[in-house]
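Make a model of the complete structure from these sequences and hints.
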Amino acid sequence: MYAVIETGGKQYKVTPGELLNIEKIDAQVGSEYEFDKVLLVANGDDIQIGSPVIEGAKVTAEVIEHGKAKKVIVFKKKRRKGYKVKRGHRQHYTTVAIKAIAS
Numbered sequence: 007m008y009a010v011i012e013t014g015g016k017q018y019k020v021t022p023g024e025l026l027n028i029e030k031i032d033a034q035v036g037s038e039y040e041f042d043k044v045l046l047v048a049n050g051d052d053i054q055i056g057s058p059v060i061e062g063a064k065v066t067a068e069v070i071e072h073g074k075a076k077k078v079i080v081f082k083k084k085r086r087k088g089y090k091v092k093r094g095h096r097q098h099y100t101t102v103a104i105k106a107i108a109s
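Following the working numbering, the numbering of the sequence shown begins with 7 at its first residue and continues without gaps.
Hints may contain errors.
Claimed, not checked - Each computed DSBU-like pair below joins lysine-lysine, with the alpha-carbon atoms no more than 35 Å apart:
| no. | residue 1 | residue 2 |
| --- | --- | --- |
| 1 | Lys16 | Lys87 |
| 2 | Lys64 | Lys76 |
| 3 | Lys16 | Lys64 |
| 4 | Lys87 | Lys43 |
| 5 | Lys92 | Lys76 |
| 6 | Lys77 | Lys30 |
| 7 | Lys77 | Lys64 |
| 8 | Lys105 | Lys64 |
| 9 | Lys16 | Lys76 |
| 10 | Lys90 | Lys74 |
| 11 | Lys19 | Lys43 |
| 12 | Lys30 | Lys83 |
| 13 | Lys90 | Lys105 |
| 14 | Lys77 | Lys105 |
| 15 | Lys30 | Lys90 |
| 16 | Lys19 | Lys77 |
| 17 | Lys16 | Lys83 |
| 18 | Lys74 | Lys64 |
| 19 | Lys30 | Lys74 |
| 20 | Lys105 | Lys92 |
If you're looking for bench data, these hints aren't it; they were derived computationally from the structure.
Rendered as structure tokens:
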């Protein structure tokens, strides 16, 4: 059994028991979180596809931790102009453990 959910502007294929790093959500560590935007639920040959979401379907997950990803360096330069800009960025993320898929 698996489902496709949307969170943080991205889509993820999830299965029960899976650990997943997603965009940061506003939830306490150790709490339960429900994803309402379920786009697809597949259980063997039984596949439900939403238009765009499946009404009443939800995916339950437990929040494991919050963190920051590795630093990404953004370097811009225009040749022969003396223009150089160096910036770094660390994206915030939340690790969740998928508990159950209800359709």
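Tested hints:
Proposed proximity of Lys16 and Lys87 is contradicted: the alpha carbons are some 38 Å apart, above 35 Å. Between Lys64 and Lys76 the CA atoms are separated by roughly 31 Å; this keeps the pair inside 35 Å, and the hint holds. For the suggested pair Lys16 and Lys64, the alpha carbons sit about 16 Å apart, so the restraint of at most 35 Å is met. As the CA atoms of Lys87 and Lys43 are separated by approximately 48 Å, the hinted pair breaks the 35 Å bound.
Restraint check for Lys92 and Lys76: the C-alpha separation of about 16 Å stays at or below 35 Å, so the hint holds. Distance restraint check for Lys77 and Lys30: the Cα-Cα separation of roughly 16 Å lies within the 35 Å cut-off, and the hinted pair is therefore satisfied. For the suggested pair Lys77 and Lys64, the alpha carbons sit about 33 Å apart, so the restraint of at most 35 Å is met. This hinted pair checks out: Lys105 and Lys64 have alpha carbons roughly 11 Å apart, not beyond 35 Å.
Distance check on the hinted pair: Lys16 and Lys76 sit about 19 Å apart at the alpha-carbon level, within 35 Å; holds. For the proposed pair Lys90 and Lys74, the alpha carbon gap of about 26 Å is at most 35 Å, so the pair holds. Distance check on the hinted pair: Lys19 and Lys43 sit about 12 Å apart at the alpha-carbon level, within 35 Å; holds. A C-alpha spacing of about 31 Å is found between Lys30 and Lys83, which places the hinted pair at or below 35 Å, so the restraint holds.
With a C-alpha separation of about 47 Å, the suggested pair Lys90 and Lys105 falls outside the 35 Å cut-off, and the hint is violated. Proposed proximity of Lys77 and Lys105 is supported: the alpha carbons are some 30 Å apart, at most 35 Å. Proximity of Lys30 to Lys90 is assessed by CA-CA distance (about 31 Å); at most 35 Å being required, the pair is judged to hold. Annotation: proposed proximity of Lys19 to Lys77 holds, straight-line Cα distance about 26 Å (limit 35 Å).
Among the hinted pairs, Lys16 with Lys83 is consistent with the structure: their alpha-carbon atoms are about 31 Å apart, no more than 35 Å. At roughly 27 Å between alpha-carbon atoms, Lys74 and Lys64 fall within 35 Å of each other, so this suggested pair holds. Of the pairs offered as hints, the one joining Lys30 and Lys74 holds, with about 9 Å between alpha carbons and a cut-off of 35 Å not exceeded. Restraint check for Lys105 and Lys92: not satisfied, since their Cα atoms lie roughly 41 Å apart, outside the 35 Å limit.
Going down the numbered hints, you'll see the structure goes against 1, 4, 13, 20, while the others check out.
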